[in-house]
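Q: Below, each chain spelled out in residue letters.
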Amino acid sequence: MGRYHISITGSSAEAMADLVRKYKVHIIDHSIRHDKDVGHEVDAIAQPDEIQLLEKNGYQIERHEDVDEIGKARQKEVGKGNRYKK
Amino acid sequence: MPYLNVDEVESALSVATSAPYNTFTELITLPNLTWENRQCHAIKIAKGSNLGRPGVYFLGGVHAREWGSSDILINFVEKLEQAYLNNTGLTFGSKNFSSADIKTIVNTLDIIVFPQANPDGRHHSMTSDVWWRKNRRILPPNSASGNPACVGVDINRNYDFLWDFPRYFDPSAPIVDSIDPCDYQLYNGPTAFSEPETKNAKWIFDNFLNISFFIDVHSYSEDILYSWGDDDDQTNDPSMTFQNPSFNGSHGRGIPDASGLPGASAYREYIPSSDKSKAIGLANIFRNGIQAVRGKTYTVKPAVNLYPTAGTSDDYAYSRHFVDSTKQKVIAYTLEWGTEFIPPYTEMQNIIQDITSGLLAFCVGV
Numbered sequence: 193m194g195r196y197h198i199s200i201t202g203s204s205a206e207a208m209a210d211l212v213r214k215y216k217v218h219i220i221d222h223s224i225r226h227d228k229d230v231g232h233e234v235d236a237i238a239q240p241d242e243i244q245l246l247e248k249n250g251y252q253i254e255r256h257e258d259v260d261e262i263g264k265a266r267q268k269e270v271g272k273g274n275r276y277k278k
Numbered sequence: 008m009p010y011l012n013v014d015e016v017e018s019a020l021s022v023a024t025s026a027p028y029n030t031f032t033e034l035i036t037l038p039n040l041t042w043e044n045r046q047c048h049a050i051k052i053a054k055g056s057n058l059g060r061p062g063v064y065f066l067g068g069v070h071a072r073e074w075g076s077s078d079i080l081i082n083f084v085e086k087l088e089q090a091y092l093n094n095t096g097l098t099f100g101s102k103n104f105s106s107a108d109i110k111t112i113v114n115t116l117d118i119i120v121f122p123q124a125n126p127d128g129r130h131h132s133m134t135s136d137v138w139w140r141k142n143r144r145i146l147p148p149n150s151a152s153g154n155p156a157c158v159g160v161d162i163n164r165n166y167d168f169l170w171d172f173p174r175y176f177d178p179s180a181p182i183v184d185s186i187d188p189c190d191y192q193l194y195n196g197p198t199a200f201s202e203p204e205t206k207n208a209k210w211i212f213d214n215f216l217n218i219s220f221f222i223d224v225h226s227y228s229e230d231i232l233y234s235w236g237d238d239d240d241q242t243n244d245p246s247m248t249f250q251n252p253s254f255n256g257s258h259g260r261g262i263p264d265a266s267g268l269p270g271a272s273a274y275r276e277y278i279p280s281s282d283k284s285k286a287i288g289l290a291n292i293f294r295n296g297i298q299a300v301r302g303k304t305y306t307v308k309p310a311v312n313l314y315p316t317a318g319t320s321d322d323y324a325y326s327r328h329f330v331d332s333t334k335q336k337v338i339a340y341t342l343e344w345g346t347e348f349i350p351p352y353t354e355m356q357n358i359i360q361d362i363t364s365g366l367l368a369f370c371v372g373v
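These protein sequence lines are chains A and B, in that order. The opening position of the first sequence corresponds to residue 193 in the working numbering, with each subsequent residue numbered one higher. The opening position of the second sequence corresponds to residue 8 in the working numbering, with each subsequent residue numbered one higher.
The reader is advised that the hints may include incorrect statements.
Derived DSS-like pairs (lysine-lysine); straight-line CA-CA distance at most 27 angstroms [said to hold, decoys possible]:
(1) B:Lys110 / B:Lys54
(2) B:Lys308 / B:Lys283
(3) B:Lys303 / B:Lys334
(4) B:Lys285 / B:Lys303
(5) B:Lys86 / B:Lys54
(6) A:Lys216 / A:Lys278
(7) B:Lys209 / A:Lys228
(8) A:Lys278 / B:Lys86
(9) A:Lys278 / B:Lys285
(10) B:Lys283 / A:Lys277
(11) A:Lys272 / B:Lys86
(12) B:Lys336 / B:Lys303
(13) B:Lys51 / A:Lys277
(14) B:Lys308 / A:Lys228
(15) B:Lys110 / B:Lys206
(16) B:Lys209 / B:Lys303
(17) A:Lys216 / B:Lys308
(18) B:Lys336 / B:Lys283
(19) B:Lys285 / B:Lys336
Hints listed in this document are in silico derivations from the structure and should not be mistaken for laboratory results. Keep in mind it's a predicted model, so treat the numbers as computed, not measured.
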């Protein structure tokens, strides 16, 4: 099951607190932002079943990239060997 | 140029402390091997040893998946050393550092850089689970359960600052921390400083007594965070502090109201106004050094947000002189660079330039 980078919007600060207290979502805590029109929003990494649960409980979810796919691509950008060895 | 692998970060430190740089650098061997028996090193860059010069400590590579932190700090070391050796300045975008600035940094400060605090985790992230965050502790209580999440401790929840968070925080506080050994991200460990990685980071504070400034380099969110992270701060009541047991159980209640402002809190952590001013002033210099490169605007703010923390490096560093008044006061920060944990390396190279400029500006401003 893939994991996705998502943005979660909740109806209140209490709802956002519940992401941690109740739903144990892997939020990226310093990504939290607040807009008076949109409300609170925070980024997270979540699996499809977690996303479904959050949507069922009134959260708005914007699904971004499949982080496992992205991760595989990034691992190809790691140095091979040792460029500092003469 | 790809991201540095684990061996390359260590080799870079070895090269950075060899001739011709060895007249003003020192390789520091950290005393605790990691769970996978890796030896860690830091570097001290300093010409001369006049008394009273402040120490500046940069830590990176704590969270495994935040690869760029180690690359940033290695680049900082290399650029600073080359410029000092060649008696030149440095330019990043529209930000210039004169050769006199470079000399001032190396001749009047002790710069200590520990760029790869968690090599086991970094290796795991680079070769297996890319989004791994913790270290690779496999001893009990993280016993073999078949669940890969039951490995590791979040190093940045393992410092001795309100480490035993259920005792200190309000039960309703949405704290980003965990006592569950199978928490994928946040397990705080069996005791404070249980982990070789945190012991190594602490050892540097304990052995370089002039350290007065500390930046723990993380990603992401483009923020420069100053203490405190456990709750909102206040500057008026020195008795309202983490050391006062009458406030146990009341940390972290300050959930923002509908406007996004901090709500009524039973507790706010004390910071003297002079420290807060100093922390913000230096953070602004750091931010301006970043911004001058290509216009990225980082936000200077307290570490706490809707989600409080405990056991983190920045709060531990700043708390040390409150706990033991013989210890040096350390103005401490967490940097959260970038807008994703692992950017494509082409973008990471831009971020490396941004943050190297910011760190140099910070050093000049100290």
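Q: All the hints need checking, so say for each whether the structure fits it.
A: Outcome of the hint check:
| no. | hint | verdict |
| --- | --- | --- |
| 1 | B:Lys110 / B:Lys54 | holds, 9 angstroms |
| 2 | B:Lys308 / B:Lys283 | holds, 11 angstroms |
| 3 | B:Lys303 / B:Lys334 | violated, 36 angstroms |
| 4 | B:Lys285 / B:Lys303 | holds, 23 angstroms |
| 5 | B:Lys86 / B:Lys54 | holds, 16 angstroms |
| 6 | A:Lys216 / A:Lys278 | violated, 48 angstroms |
| 7 | B:Lys209 / A:Lys228 | violated, 41 angstroms |
| 8 | A:Lys278 / B:Lys86 | holds, 20 angstroms |
| 9 | A:Lys278 / B:Lys285 | violated, 44 angstroms |
| 10 | B:Lys283 / A:Lys277 | violated, 45 angstroms |
| 11 | A:Lys272 / B:Lys86 | holds, 23 angstroms |
| 12 | B:Lys336 / B:Lys303 | violated, 30 angstroms |
| 13 | B:Lys51 / A:Lys277 | holds, 22 angstroms |
| 14 | B:Lys308 / A:Lys228 | holds, 19 angstroms |
| 15 | B:Lys110 / B:Lys206 | violated, 32 angstroms |
| 16 | B:Lys209 / B:Lys303 | violated, 32 angstroms |
| 17 | A:Lys216 / B:Lys308 | holds, 26 angstroms |
| 18 | B:Lys336 / B:Lys283 | holds, 13 angstroms |
| 19 | B:Lys285 / B:Lys336 | holds, 12 angstroms |
Consistency note: the structure conflicts with the earlier hints numbered 3, 6, 7, 9, 10, 12, 15, 16.
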